[in-house]
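My request is simple: use the sequences and hints to build the entire structure.
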Amino acid sequence: MRYVTAFGRFWYDFLIGDRPELFVGPTVALVLVALLIQAGWAALSGLLLFGLVVASGGVGLARDLAAAHARSDQ
Amino acid sequence: MSVVLFTILSSFIASAVEFVEALTVVLAVGVTRQWRSTLLGAGAAVLVLVALVAVLGLTIATLVPIELLRLVVGAVLIVFGLQWLTKAILRAAGARASRDEVATFGRQLAALAKEPPVPASGTDWISFTVAFKGVLLEGLEVAFIVVTFGAAGGQLAPALVGAGLAGIGVLGVGAAVRQPLARLPENQLKFGVGLMLVSFGTFWAGEGIGVAWPASDLSILLLLAGYLATSLLAVRTVAVGLVKRAAPTPMQARQEAN
Chain A
2 MRYVTAFGRF
12 WYDFLIGDRP
22 ELFVGPTVAL
32 VLVALLIQAG
42 WAALSGLLLF
52 GLVVASGGVG
62 LARDLAAAHA
72 RSDQ
Chain B
24 MSVVLFTILS
34 SFIASAVEFV
44 EALTVVLAVG
54 VTRQWRSTLL
64 GAGAAVLVLV
74 ALVAVLGLTI
84 ATLVPIELLR
94 LVVGAVLIVF
104 GLQWLTKAIL
114 RAAGARASRD
124 EVATFGRQLA
134 ALAKEPPVPA
144 SGTDWISFTV
154 AFKGVLLEGL
164 EVAFIVVTFG
174 AAGGQLAPAL
184 VGAGLAGIGV
194 LGVGAAVRQP
204 LARLPENQLK
214 FGVGLMLVSF
224 GTFWAGEGIG
234 VAWPASDLSI
244 LLLLAGYLAT
254 SLLAVRTVAV
264 GLVKRAAPTP
274 MQARQEAN
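Chains A and B supply the protein sequences, listed in that same order. Residues in the first sequence are numbered from 2 upward in steps of one, following this note's numbering. Residues in the second sequence are numbered from 24 upward in steps of one, following this note's numbering.
What the hints contain is simulated information worked out from the structure, not anything from laboratory work. Among the hints, erroneous ones may be present.
Stretch-level coverage of chain B by chain A, calculated; a stretch enters the list once three of its residues show a Cβ under 8 Å from a Cβ in chain A [what the hints assert, rightly or not]: (1) 90-103; (2) 190-197; (3) 235-245.
In the EDC-like style, the derived pairs of lysine to aspartate or glutamate whose C-alpha atoms are separated by at most 20 Å in a straight line are [stated by the list, open to error]: (4) B:110 to A:19; (5) B:110 to B:240; (6) B:267 to A:74; (7) B:110 to A:22; (8) B:267 to A:14; (9) B:156 to A:22; (10) B:110 to B:164.
Note that this is a predicted model, so its numbers are computed, not measured. Even for Gly, the Cβ is constructed at its ideal location relative to N, Cα and C.
Spelled out as structure tokens, the structure:
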């Protein structure tokens, strides 16, 4: 059981760690684009996926910057 | 052909960055304690990593359906790539300190100086363990990249070639200079790897959910160009924001003038 927990914790730290937005953003993006493709809106799905991934990165950057500013203001 | 070269290049750059970090640990342990035990520990970690890549790479590729594999691997590559890329953007803009191999080397030396002395004969298990852990932890990221490229793109051999060339190159230079490779443009390399991982990830994950990419495999290059442009824009935006933040407000400027 200890090894299973350690294995799970390793993957959690590896993929999520202290930046959950970089995991949640792309996951939501893929689900959204997949739903649109299923609904027959496939034409610009690649462009939409690209845009949503960029937006996820932007949110991650904004959060990192806010944290850095908060540290420097203390 | 472009995908093969792209895979070799991505694997080479990503692996080189991780090997440089592993080399710093190995050098610190070898210089302060015992080279034989240090190299044994590093070698044992490399064996574990090779076994991991062989077993996982072949098993995953044969057992999991390709569409599901591309979706999962692509999604993971996007997440992993964004982590590298956002940190590299912040470092390039000056909002985050760059990794300093010389400082890391110094910290390692200081930590090792507190350990018990090297035994007069036999294996020094402290050297072995520290070198093993250092190489294994840094190497896991290399193994992860090699396995994902191998499994999702059917590019295990090119990914292994890239990682192998990086390992030989970094170890060769490290053995020659016997000091941390501080002059390597580590952040630029991480920036490049982040871009490649996110581009491959978007392409494969997109294929997994049914995106019809307009230019087939060449779409990876279009994605790379798009991510590069937006990342450079982000570097500039963050840097300008930092300058504005550092500049005094009009009220502060008037108070300073008075």
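Outcome of the hint check:
1. 90-103: Three-residue rule met by the region 90-103 of chain B, so holds; n is 6.
2. 190-197: Coverage by chain A is violated here, the residue count being 0 at a Cβ distance below 8 Å.
3. 235-245: With 4 residues close enough to chain A, the hint holds.
4. B:110 to A:19: Distance of about 13 Å is within 20 Å: holds.
5. B:110 to B:240: Violated, at roughly 28 Å.
6. B:267 to A:74: Roughly 15 Å between the alpha carbons, so the hint for residue 267 of chain B and residue 74 of chain A holds.
7. B:110 to A:22: 14 Å, holds
8. B:267 to A:14: 34 Å, violated
9. B:156 to A:22: 29 Å, violated
10. B:110 to B:164: 16 Å, holds
In summary, the numbered hints that this structure violates are 2, 5, 8, 9.
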